[in-house]
Amino acid sequence: MSESIVDRQEKIRAKFASFADPDDKWKFLLDLAREHKGMDAALKAEKFIIQGCASTMYLVPKFENGKIHFEMDVEGGTTNPLISRGLGALALQVFNDMAPADILSVDPTFFQQIGLNVGLSPTRSNGFASLLKQIYLYARVFDAISKK
Amino acid sequence: MFSFLNGKSPFDEAEEKLEAGETVNGRPKLPQAPIMGWQDGVFLLVLVGLIVGGYYYYQHTKQVSADTFAKCDALYVAAETDAAKYVEAEACYNETWELSFVSDSMEILRQNRLGAIEDLRNHQKDLYADAMGALAARDSVSAFNIVNEYKGPMLLNKGDAKDWNSIVGNEAIKACVAAAAARADSIAREKAIADSLAQVAAELRAKAVADSIEKANKRLARKGKRKKV
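Chains as they are written, first to last, in the working numbering: chain A, 1 to 148; chain B, 1 to 229.
Everything labelled a hint here was simulated from the structure, so no lab data went into it.
Given the structure is predicted, the values throughout are model-derived calculations rather than measurements.
Virtual Cβ for every residue (Gly too), placed ideally from N, Cα, C.
Please note that a few of the clues may not be correct.
[As the list claims (entries may be wrong)] Residues from chain A that face chain B, not an exhaustive set, calculated with beta carbons under 7 Å:
no., residue
1, Lys-27
2, Leu-30
3, Leu-82
4, Ile-83
5, Pro-122
[Unchecked claim] In silico DMTMM-like cross-links for lysine to aspartate or glutamate, where the CA-CA straight-line distance does not exceed 25 Å:
no., chain 1, residue 1, chain 2, residue 2
6, A, Lys-133, B, Glu-107
7, A, Lys-27, B, Asp-119
8, A, Lys-37, B, Glu-107
Could you build all of it, start to finish, from the sequences and the hints given here?
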């Protein structure tokens with residue numbers, strides 16, 4: 001049986017609660033970023049760029065079998081925006097391959113509750129908020145489509 | 001399988017070298033073969049050289065990374081008192097992308113510091129947009145004040161930086177600002193004079209009222225005396 005969105009949130013909550021050192025959070029995000037597979041260059045269209053991110057973040061949704069699959073990648077020009085990629089990968093750990101209704105059931109303040117925003121630069125916080133906004137927007141659209 | 005004996009058994013050589021019938025305690029005499037051939041020796045030396053060289057190269061790259069990050073760290077710390085150093089610190093951290101060794105703690109520091117500088121840049125970009133908006137609305141005084149009050153580092157790109165500097169360097173805008181300041185000053189002065197006049201008038205009024213009350217009291221007192229008489 002596939003994992004519910006609540007189980008995923010609980011796992012992440014427990015993970016964040018286990019961080020003894022403030023650097024552990026950053027190391028975790030770096031690991032997520034390194035493990036995250038990029039996306040096919042052909043998918044990187046301008047319409048999939050998340051507005052409000054300092055780096056260029058692409059989020060491509062695919063609605064299949066009642067679930068939304070997201071592809072995400074971040075480009076930073078000459079730099080390697082690992083934290084941004086890690087944040088994106090963390091969001092997908094919760095929302096990827098879930099039904100639109102499940103996504104919409106998640107409290108948008110969840111990531112604040114677990115302390116993700118602590119120490120996060122305003123630019124990254126805004127970028128992450130834009131990413132979540134886009135995920136919820138896609139979920140609303142696909143939810144409406146699936147109910148037709 | 002790897003072997004230093006070129007695929008030969010020690011006994012192979014023994015068979016070649018032993019004289020017929022030569023024995024030691026009734027057994028064939030063990031061969032006096034070298035431990036390894038010269039080719040094997042060279043191979044082993046190269047292998048050891050590679051391992052030792054690799055280790056020292058790794059230590060060297062680690063040291064280069066530590067030195068570079070220390071330099072960037074010093075620039076970043078200096079930038080807290082001298083904002084212009086943020087540009088140098090950013091350039092320094094951007095050079096670290098070329099390093100072959102970056103530990104997790106270095107990566108965290110680099111990501112966070114570049115992020116912090118990016119925040120400063122975004123703040124200046126917001127101010128720049130506000131200043132340009134004010135200019136578009138023909139409010140050059142507000143535009144000047146926005147730019148003039150900013151004490152942070154110049155982190156805009158070349159084109160925007162040129163616009164930014166032209167606002168504080170523009171003589172016409174400076175004249176407008178000076179005129180506006182003079183106007184504000186004279187309005188303030190006029191207001192101060194008006195306020196003090198109003199205060200004097202109020203004081204005079206209060207004194208006149210007090211005088212008239214005193215006179216009235218005296219009159220009443222005189223009248224009272226006459227009635228008693």
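Hints, one by one, checked against the model:
1. Lys-27: holds (5 Å)
2. Leu-30: holds (6 Å)
3. Leu-82: Constraint on A:Leu-82 satisfied, holds at 6 Å.
4. Ile-83: Check passed: Cβ of A:Ile-83 comes within 5 Å of chain B, closer than 7 Å.
5. Pro-122: holds (5 Å)
6. A:Lys-133 with B:Glu-107: Roughly 28 Å between the alpha carbons, so the hint for A:Lys-133 and B:Glu-107 is violated.
7. A:Lys-27 with B:Asp-119: holds (21 Å)
8. A:Lys-37 with B:Glu-107: holds (19 Å)
In summary, the one numbered hint that this structure violates is 6.
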